[in-house]
Amino acid sequence: MQKIALAIASLVCAAGASAQSSVTRLSSSTAHTSGVSSGELSSSRFGLRGVEDLGGGLKAGFWLEAGVSMDTGGSSLRFDRRSTISLSNDLGELRLGRDKIASYVNIEAFDPFGDTGVGGNGASNLLGSSAEGTAAGSHPKRLSNMLGYTSPKFGGVQAQLQYSFAERANNQPNKDRGKGLSARLSYASGPLSTAIGYAEMSGGTDTQQQTYKALNLGASWDFGVVKPMLMWARENGANRSMHAVTLGASAPIGKAGELRVAFTQFDNKSRADADSRKFALGYVHKLSKRTALYGTVARVSNDDNATRGLATSSSALASPSISGGDNVTGYSVGIRHSF
Amino acid sequence: MQKIALAIASLVCAAGASAQSSVTRLSSSTAHTSGVSSGELSSSRFGLRGVEDLGGGLKAGFWLEAGVSMDTGGSSLRFDRRSTISLSNDLGELRLGRDKIASYVNIEAFDPFGDTGVGGNGASNLLGSSAEGTAAGSHPKRLSNMLGYTSPKFGGVQAQLQYSFAERANNQPNKDRGKGLSARLSYASGPLSTAIGYAEMSGGTDTQQQTYKALNLGASWDFGVVKPMLMWARENGANRSMHAVTLGASAPIGKAGELRVAFTQFDNKSRADADSRKFALGYVHKLSKRTALYGTVARVSNDDNATRGLATSSSALASPSISGGDNVTGYSVGIRHSF
Amino acid sequence: MQKIALAIASLVCAAGASAQSSVTRLSSSTAHTSGVSSGELSSSRFGLRGVEDLGGGLKAGFWLEAGVSMDTGGSSLRFDRRSTISLSNDLGELRLGRDKIASYVNIEAFDPFGDTGVGGNGASNLLGSSAEGTAAGSHPKRLSNMLGYTSPKFGGVQAQLQYSFAERANNQPNKDRGKGLSARLSYASGPLSTAIGYAEMSGGTDTQQQTYKALNLGASWDFGVVKPMLMWARENGANRSMHAVTLGASAPIGKAGELRVAFTQFDNKSRADADSRKFALGYVHKLSKRTALYGTVARVSNDDNATRGLATSSSALASPSISGGDNVTGYSVGIRHSF
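If you're matching them up, the sequences are chains B, W and E in order.
Per the numbering used here, the first sequence starts with residue 1, numbered consecutively.
Per the numbering used here, the second sequence starts with residue 1001, numbered consecutively.
Per the numbering used here, the third sequence starts with residue 2001, numbered consecutively.
Isolated chain B (complex conformation):
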């Protein structure tokens, strides 16, 4: 009997997933689109994971996680959200593979919307996409070919260090293109949670090296009735600099509800009149531990030289064209189901 129960426990923990869909509408001053979007509250995904106890405090673990498009089903299943093998004991955890970079954790953790859906702050990759420099953008969410170490917690303090190989031959002109370094130091005690994150990405063209640096700080305090949070992020590189600051809060409404509000200011330090402001308001209502309904409304207002839009996790929903100085509004109503 005991053996069977263990076998089940191992299987249950070996598969986890979250699926969600919403009806989403985006509108700029000149156009609007509506559609079904996948992953507005948290990303739709499918994963396998497990931990083996090797004795003497040593553990081995694996984690395979793929994104899923619940609106179209149309992307091929790839474990590119996370694919890691790890060894851990009292001295910390060693991880090999593709993983979330340490410095991105704060962007999610100190945004009431977790950098997801129309309400998410979108405060990573501020300088631009992969086309403009590194293999994965100025401050990507994840990196491949990574060697990572996470310390145990000492009195609430925890450190994380990561190195990602460029995997280019040493006699190529920009041999470090794609290399990444990231670190995070966090402190949590009682209602307080705070952390600092840093990343250095090696990018540029095939012949010329370019370094992108990301720094961010976050803090939250859980008063019980409301949990305010603050996050500041900066990215420098390619003679450009962008800052973002998010001030937000989440508050429980009764036993099943949660209200979320966030304001984010984007400061373009290298171009005049190119700042943006975003306001987001959301409500999540849990039908059970596994299932929730939610609604979000968000608005971005742009300075004359800014064209910032709203992120959706739909693989097909086209964004309406956004002109400089445009304001963009988004609505999303949906359901999340974990399994």
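No lab work stands behind these hints, which were simulated from the structure alone.
Treat the hints loosely; a few may be bogus.
Pairs of lysine to aspartate or glutamate residues, derived as EDC-like cross-links and limited to a Cα-Cα distance of at most 16 Å, are as follows [said to hold, decoys possible]:
#1 B/141 - B/200
#2 E/2289 - B/52
#3 W/1289 - E/2052
#4 E/2286 - B/52
#5 B/286 - W/1053
#6 E/2289 - B/53
#7 B/289 - W/1052
#8 W/1289 - E/2053
#9 B/286 - W/1052
#10 W/1141 - W/1093
#11 E/2153 - E/2090
#12 E/2269 - E/2304
#13 E/2286 - B/176
#14 B/289 - W/1053
#15 W/1213 - W/1200
#16 B/175 - B/206
#17 W/1286 - E/2053
#18 W/1059 - W/1093
#19 B/213 - B/176
#20 E/2059 - E/2090
Here the structure of chain B is known, so what remains is to put chains W and E in place on it, guided by the hints.
Structure of chains W and E alone, referenced to chain B:
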């Protein structure tokens, strides 16, 4: 013990799949090909699904289903057969995501071969492929970005309604390209099963809108010793019109066998001398509830201006070239295994 | 209770996988690269499989197996390592689908490194890649659209026969392009294991047929303290001929360790001064039945007209450029975890 049993039940229901392979031969008057084909009896697939009881009669469910090529293994796993999240109670079921369109159900349900393999009637997408109009063809099997409602059954009557978003910006020239509407009304009572289906697809080029309309009707009567069925389908659009009618029957042979026979007439209403006729004969022998052997033979005869072939679910098996007026013959012998 | 235990057993056997990552370094005389590699000890993979007992000694089975890149997560999940359905009884097993070819088994079985990672002998596909002839190379590891038969064992003797369809129409110029035939005959008794393998691949251009033939022999003897093994392989075709011979051994070190050593000589019979030699040394240390640490070092020395490198299973790690006569060295240290 009870808890463990429930955990198992939930896991067992969470994964389902069907795999099958057959040796298939196709021949026209000038050429023939032979090979291994996947999914001749019913499509090879792998899926995850589950339902959560939220209390008060409310249920949440998810369904992820991907096609699998058992002959080559070569297509990437995509949950593009179905990826839905649903909420249901006594008033019906709401579904969001990618799903089979309601009007396609009759094409499968009233064909003894279920529109699958060399014997399938192939009576959807009669006017042509996606290249000729809509994003997914004149009458596709599935649509993405769909909002659907299925009613409960009232005295054997059930209704299904679906709307699929185009997800294009409203200031684009043919903004509705890809939009779909579908409905099905069915009645089942004792040995009788009958249904009507309708779909309207918005297609055309990037600049000019074009609407495709599909209508079909089906009925079957289960006499026990034999179950005859009749299906009529019509598609109009782009100044063309195609009709198809399938007359078929299935009959149990002993406890484990089933004989299937179907005749389908294709009428091209917009071109002279371009009709086709298809005859299919098949036998399925169950080795168990999960495993069956089967054999199918089918023949298409074309008028001088028609080049209709036989569908196979092989991802690699090339069809022999078919000239106008050609006859095409196909054989398939294989095994199906569900797990 | 019994039923529940059976249900669990069926589920447990239905999913199996192996994941592994290593830090790998490759260097030629002019350049080197370092990175994270997936599958240095045995390929990282994810699979589903099961067997159904149909009674009377008859069994139906399926096997779906996909490769996984633990370093990047980046390849789409495809069941192209194996996708088969089978029927078996006392007379043997019939298999349909994509499978490992019988003649490749010896290349793996009689190499202490199993033709995997920097230490693997790389003794298949000796004449070249798919671009040079067949759809899958001169002696590929796997073929699609295959019909296979494996005999039962008669006094230690077992035979395997496979036929893979080209799936091209018979009126095409090189209609057999992609067709494959393979056979293997093995004998195992006590410490002795020996086998012969043969394959014939139909390749060439779209208009001209070309046949590639592969032949190999292997034997191993398990003395307990050491297991020496010998493998000889030959490939002929397109007016070229390559021979390879691997002499290797594995030896247990204590209860958890295994030492591996192999030397492979590559003889290019159709070009002068184009031979290569490879030496590999490895150690595997089991932390448990499911988890192991390993390290491998390998070196290839090339004659002036040879540019043979080291295989890695990384999807991203670029090989340093190798000039004729270059020597290439590789190191790999990693962890394997099965689940």
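Cross-check of the supplied hints:
For the suggested pair residue 141 of chain B and residue 200 of chain B, the alpha carbons sit about 13 Å apart, so the restraint of at most 16 Å is met. Of the pairs offered as hints, the one joining residue 2289 of chain E and residue 52 of chain B holds, with about 10 Å between alpha carbons and a cut-off of 16 Å not exceeded. Between the alpha carbons of residue 1289 of chain W and residue 2052 of chain E the distance comes to roughly 10 Å, so the proposed pair stays at or under 16 Å and holds. Taking the CA atoms of residue 2286 of chain E and residue 52 of chain B, the gap is near 13 Å; set against the 16 Å cutoff, the hint holds.
Note on residue 286 of chain B and residue 1053 of chain W: the hinted pairing holds, with a Cα-Cα distance of about 13 Å set against a maximum of 16 Å. Taken as a hint, the residue 2289 of chain E and residue 53 of chain B pair is honoured in the structure, with Cα atoms around 11 Å apart against an allowance of 16 Å. The hinted pair formed by residue 289 of chain B and residue 1052 of chain W meets the criterion: a straight-line CA distance of about 10 Å does not exceed 16 Å. Our distance criterion of 16 Å between C-alpha atoms is met by residue 1289 of chain W and residue 2053 of chain E, whose separation comes to about 11 Å.
Between residue 286 of chain B and residue 1052 of chain W the CA atoms are separated by roughly 13 Å; this keeps the pair inside 16 Å, and the hint holds. Simply put, residue 1141 of chain W and residue 1093 of chain W have alpha-carbon atoms about 20 Å apart, too far for the 16 Å limit, and the pair is violated. A hinted pair counts as satisfied when its Cα atoms are at most 16 Å apart, and residue 2153 of chain E with residue 2090 of chain E qualifies at roughly 10 Å. In summary, the hint linking residue 2269 of chain E to residue 2304 of chain E is supported, as the alpha carbons are separated by about 15 Å, within the 16 Å threshold.
With a C-alpha separation of about 35 Å, the suggested pair residue 2286 of chain E and residue 176 of chain B falls outside the 16 Å cut-off, and the hint is violated. Straight-line distance between C-alpha atoms of residue 289 of chain B and residue 1053 of chain W comes to about 11 Å, which keeps the hinted pair within the 16 Å bound. Only pairs whose Cα atoms come within 16 Å are accepted, and residue 1213 of chain W paired with residue 1200 of chain W is accepted, the gap being roughly 5 Å. Pair hint residue 175 of chain B plus residue 206 of chain B holds up; C-alpha atoms about 8 Å apart against a cutoff of 16 Å.
Using a Cα cut-off of 16 Å, the hinted pair residue 1286 of chain W and residue 2053 of chain E holds, with the two alpha carbons roughly 13 Å apart. For the given pair, residue 1059 of chain W sits about 9 Å from residue 1093 of chain W by alpha-carbon distance, which is consistent with the 16 Å threshold. Proposed proximity of residue 213 of chain B and residue 176 of chain B is supported: the alpha carbons are some 15 Å apart, at most 16 Å. For the hint pairing residue 2059 of chain E with residue 2090 of chain E, the CA-to-CA distance comes to about 10 Å; that is within 16 Å, so the pair holds.
Of the numbered hints stated above, those contradicted by the structure are hints 10, 13, listed in ascending order.
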